[in-house]
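*Asks:* In order, the protein sequence lines correspond to chains A and B. Take the first sequence: its letter number 394 is residue 394 in UniProt numbering, and every next letter is one higher. Take the second sequence: its letter number 167 is residue 167 in UniProt numbering, and every next letter is one higher.
What the hints contain is simulated information worked out from the structure, not anything from laboratory work. This one's a predicted model, so the numbers in the text were calculated from it and none came from an experiment. Quick reminder that beta carbons are idealized off the backbone N, C-alpha and C, glycines included. Incorrect hints may appear among the rest.
Said to hold, decoys possible - One side of the interface only, derived from the structure: several residues of chain A facing chain B at Cβ under 8 Å: (1) H201; (2) K319; (3) N323; (4) F347; (5) R348; (6) N352; (7) Q355.
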Amino acid sequence: MASHFSGVLKLTDLDDFITPSQACVKPVKVEKKQGRSVAKIQIEDDGSYFQVDQDGQRQKLEKAKITLNDCLACSGCITSAESVLITQQSHEELYRVLRQNKQVSSSEQKVVVVSVSPQSRASLAAHYGLSSSEVARRLTSFLKNLGVHHVFDTGFSRSFSLLESQREFLERFRRKEVDKKALPMLASACPGWICYAEKTHGEFILPYISTTRSPQQMMGSLVKGYFASQKGVSPQQIYHVTVMPCYDKKLEASRPDFYLSKYETREVDCVITSGDTYQIDSYELLGHAGSGSGGYLHHIYKHAAKQLFGVEVDELTYKTIKNKDFQEVTLEKDGQVLLRFAAVYGFRNIQNLVQKLKRGKSQYHFVEVMACPSGSLNGGGQLKPSSDQTNKELLQQVEELYHGERTSVPEQDSRVAELYQSWLESVGKEIARPLLHTQYHAVEKNTNGLSIKW
Amino acid sequence: MKGALELLQRVSAHPDARCWCVAWSPSGTLLASCGGDCAIKIWGKEGDSWECKCVMADGHQRTVRTVAWSPCGKYLASASFDATTCIWKKTNDDFESLTVLEGHENEVKCVTWAPSGNLLATCSRDKSVWIWEVDEEDEYECVSVVNSHTQDVKHVVWHPTQELLASAGYDNKVCIYKEVDDDWECRATLEGHESTVWSLAFDPEGQRLASCSDDRTVKIWKKSTLGDGESDSSDESWKCVCTLSGFHGRTIYDVAWCRLTGALATACGDDGVRVFKEEDPTVDPEQPVFFMSAHLPKAHGQDVNCVSWNPKEAGLLATCSDNGEFAIWKYNSDS
Chain A
1 MASHFSGVLK LTDLDDFITP SQACVKPVKV EKKQGRSVAK IQIEDDGSYF
51 QVDQDGQRQK LEKAKITLND CLACSGCITS AESVLITQQS HEELYRVLRQ
101 NKQVSSSEQK VVVVSVSPQS RASLAAHYGL SSSEVARRLT SFLKNLGVHH
151 VFDTGFSRSF SLLESQREFL ERFRRKEVDK KALPMLASAC PGWICYAEKT
201 HGEFILPYIS TTRSPQQMMG SLVKGYFASQ KGVSPQQIYH VTVMPCYDKK
251 LEASRPDFYL SKYETREVDC VITSGDTYQI DSYELLGHAG SGSGGYLHHI
301 YKHAAKQLFG VEVDELTYKT IKNKDFQEVT LEKDGQVLLR FAAVYGFRNI
351 QNLVQKLKRG KSQYHFVEVM ACPSGSLNGG GQLKPSSDQT NKELLQQVEE
401 LYHGERTSVP EQDSRVAELY QSWLESVGKE IARPLLHTQY HAVEKNTNGL
451 SIKW
Chain B
1 MKGALELLQR VSAHPDARCW CVAWSPSGTL LASCGGDCAI KIWGKEGDSW
51 ECKCVMADGH QRTVRTVAWS PCGKYLASAS FDATTCIWKK TNDDFESLTV
101 LEGHENEVKC VTWAPSGNLL ATCSRDKSVW IWEVDEEDEY ECVSVVNSHT
151 QDVKHVVWHP TQELLASAGY DNKVCIYKEV DDDWECRATL EGHESTVWSL
201 AFDPEGQRLA SCSDDRTVKI WKKSTLGDGE SDSSDESWKC VCTLSGFHGR
251 TIYDVAWCRL TGALATACGD DGVRVFKEED PTVDPEQPVF FMSAHLPKAH
301 GQDVNCVSWN PKEAGLLATC SDNGEFAIWK YNSDS
């Protein structure tokens with residue numbers, strides 16, 4: 001069984017055998033009772049388990065459940081079966097909600113919102129031989145016919161993410177002399193990278209990671225916050241679905257940090273992958289310049305060059321360092337290096353980046369870190385190549401379609417500025433911060449000899 | 001042609017612990033040993049006996065499973081259950097820790113240097129094989145992480161002349177890796193063993209690969225040539241041309257192919273050490289025949305974990321065991 005999670009998450013002890021759950025972050029609580037008696041376990045035809053005591057007393061046993069909420073892709077997982085990890089998230093869930101909407105009264109109905117990522121659009125476009133905008137058009141139409149009320153493009157929320165990242169970088173750059181962990185700032189849009197960082201490098205690496213929310217979670221904020229109040233509905237009345245290029249985004253959506261406890265609802269209720277959507281449709285689209293993984297390096301670099309050094313950058317010149325997934329961009333003036341940025345994709349390159357950082361040998365100011373080689377366009381949830389196409393050929397096609405979209409400059413987008421003003425500035429900095437930023441938590445490792453397999 | 005193994009010396013190298021590995025330096029004058037006591041010891045000959053020259057006891061927090069010398073003899077790599085691989089630099093008679101390679105999730109089982117001297121491979125219980133590169137400034141960086149095995153990877157070994165890597169594991173498979181574009185990939189999977197493959201050894205020319213297993217057999221694999229030779233260099237095709245079965249009583253933990261004589265030695269869980277020789281190879285290269293030339297049933301008091309041929313002195317063999325000792329033997333092909 002090949003796991004669809006990014007390669008970074010695969011490097012764990014996941015297997016299909018139950019080992020003592022020492023390393024599980026959220027072990028299931030076991031109710032222990034006193035007594036020396038031995039009990040037998042009987043399995044019924046329907047698969048339920050009954051404990052039979054010595055005196056014949058039967059007691060139904062609770063099924064241990066691990067939901068996506070509990071699992072942070074830690075290395076002590078009870079079972080790696082995908083069905084356990086993603087039970088709550090699939091296109092079936094979306095259909096279930098839509099079906100239910102048709103059966104209940106209007107006051108009980110959910111407002112269904114679907115946010116589609118540009119990467120998913122590009123993947124679908126390549127698969128069906130359409131342009132990205134055609135895909136968007138058809139997808140919107142299809143979803144609306146199913147009963148979806150609103151279809152958005154996460155390119156829009158990405159503008160917010162890019163703007164906020166730019167601001168965060170400048171702020172960190174300005175305090176780099178007093179705060180040794182301000183730089184390099186490491187991108188945070190990739191949940192595969194975040195899960196790995198929290199689990200493997202913990203407290204050491206977290207201060208470097210940008211706290212700016214990813215486009216998905218920025219959209220979560222927007223939809224369940226601003227949009228909800230505009231529509232006069234409460235956040236839990238909205239069912240928010242996102243369409244993403246990878247499965248790791250499902251883990252991101254289920255982080256406790258993105259759960260609104262006041263309303264008992266998640267900011268993103270369900271994530272489905274590009275591969276999960278079979279038909280397509282569209283709506284107004286927003287592309288951004290830069291990489292197929294959001295363009296963070298591109299936007300932050302240009303903004304920083306202008307704001308910090310008054311340099312207008314037109315085209316970025318990327319230099320390949322070790323391999324195509326490790327690229328550098330430097331800003332030099334009069335022989336001095338002013339800014340040194342890098343794009344680091346894939347596990348092997350992340351390894352080297354983190355090791356260099358640990359040894360204090362990292363020269364970078366910002367690094368766009370992505371778990372998947374070739375970035376988000378090559379995510380695990382994207383559509384696979386047809387029989388007469390290689391992975392490489394498909395990826396190239398997807399990249400072309402992705403970059404074929406009309407691009408916008410976030411700082412110049414009036415709609416974004418308007419929304420920023422009316423929503424975030426109106427609520428004030430205190431409330432705006434958690435809407436735009438998040439936190440990270442180191443996962444404690446528990447090495448125990450019992451789980452060793454020779 | 002009956003051969004014999006003569007004991008030259010027995011050394012209690014790692015008392016109260018397993019001795020997991022012994023490795024000869026490229027010059028053949030030093031022997032490195034490592035074990036369950038978390039230590040690495042370097043042995044040199046003084047007169048007629050092997051004496052301990054150096055002890056590296058603080059490099060690792062857990063068992064040291066494998067030690068390997070760089071082709072130039074100036075560096076030693078040690079792979080440990082503490083999930084790290086340590087690189088030591090030899091300065092006169094001492095070894096100092098140069099750097100520690102981190103990254104594996106759990107126990108590192110094996111480390112090996114490429115003949116070029118600037119590539120290193122490690123493998124682990126985390127099922128992955130890592131390829132590292134060292135530059136002129138002695139900086140080590142990860143080049144690739146390959147996940148072709150579905151279980152614990154026990155052994156990695158480089159081809160003697162080409163940039164080709166082989167690995168073996170608990171999933172009963174042998175994988176062959178090559179660099180394609182800028183990344184390392186598994187280009188062939190050799191299946192046939194019925195249980196864990198513990199170790200691998202290429203023959204002196206690099207035409208054949210020997211594998212030994214928990215299924216008590218040694219298999220010889222040969223690279224198949226497509227008519228005029230390797231026309232499509234990307235794909236690797238190896239097939240099993242010989243299986244040595246019925247010779248070993250238990251799991252075979254290690255196999256070593258002598259660069260000087262072509263003799264094949266095995267280390268077995270039945271405490272025995274055996275040497276195999278090839279019968280006239282010109283008869284049919286596609287169906288080689290090996291015969292057991294020497295067998296020492298109780299070479300050690302417990303499982304023999306490792307066997308290593310001296311690279312300079314023909315017939316000189318080192319073995320080590322679960323009882324913490326290593327032994328030096330002289331193999332004579334006809335006695």
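*Asks:* Each hint needs a verdict: does it hold in this structure or not?
*Replies:* Hints, verified against the model:
| no. | hint | verdict |
| --- | --- | --- |
| 1 | H201 | violated, 10 Å |
| 2 | K319 | violated, 15 Å |
| 3 | N323 | holds, 4 Å |
| 4 | F347 | holds, 5 Å |
| 5 | R348 | holds, 5 Å |
| 6 | N352 | holds, 5 Å |
| 7 | Q355 | holds, 7 Å |
Checked against the numbered hints above, the structure violates hints 1, 2; every other hint is satisfied.
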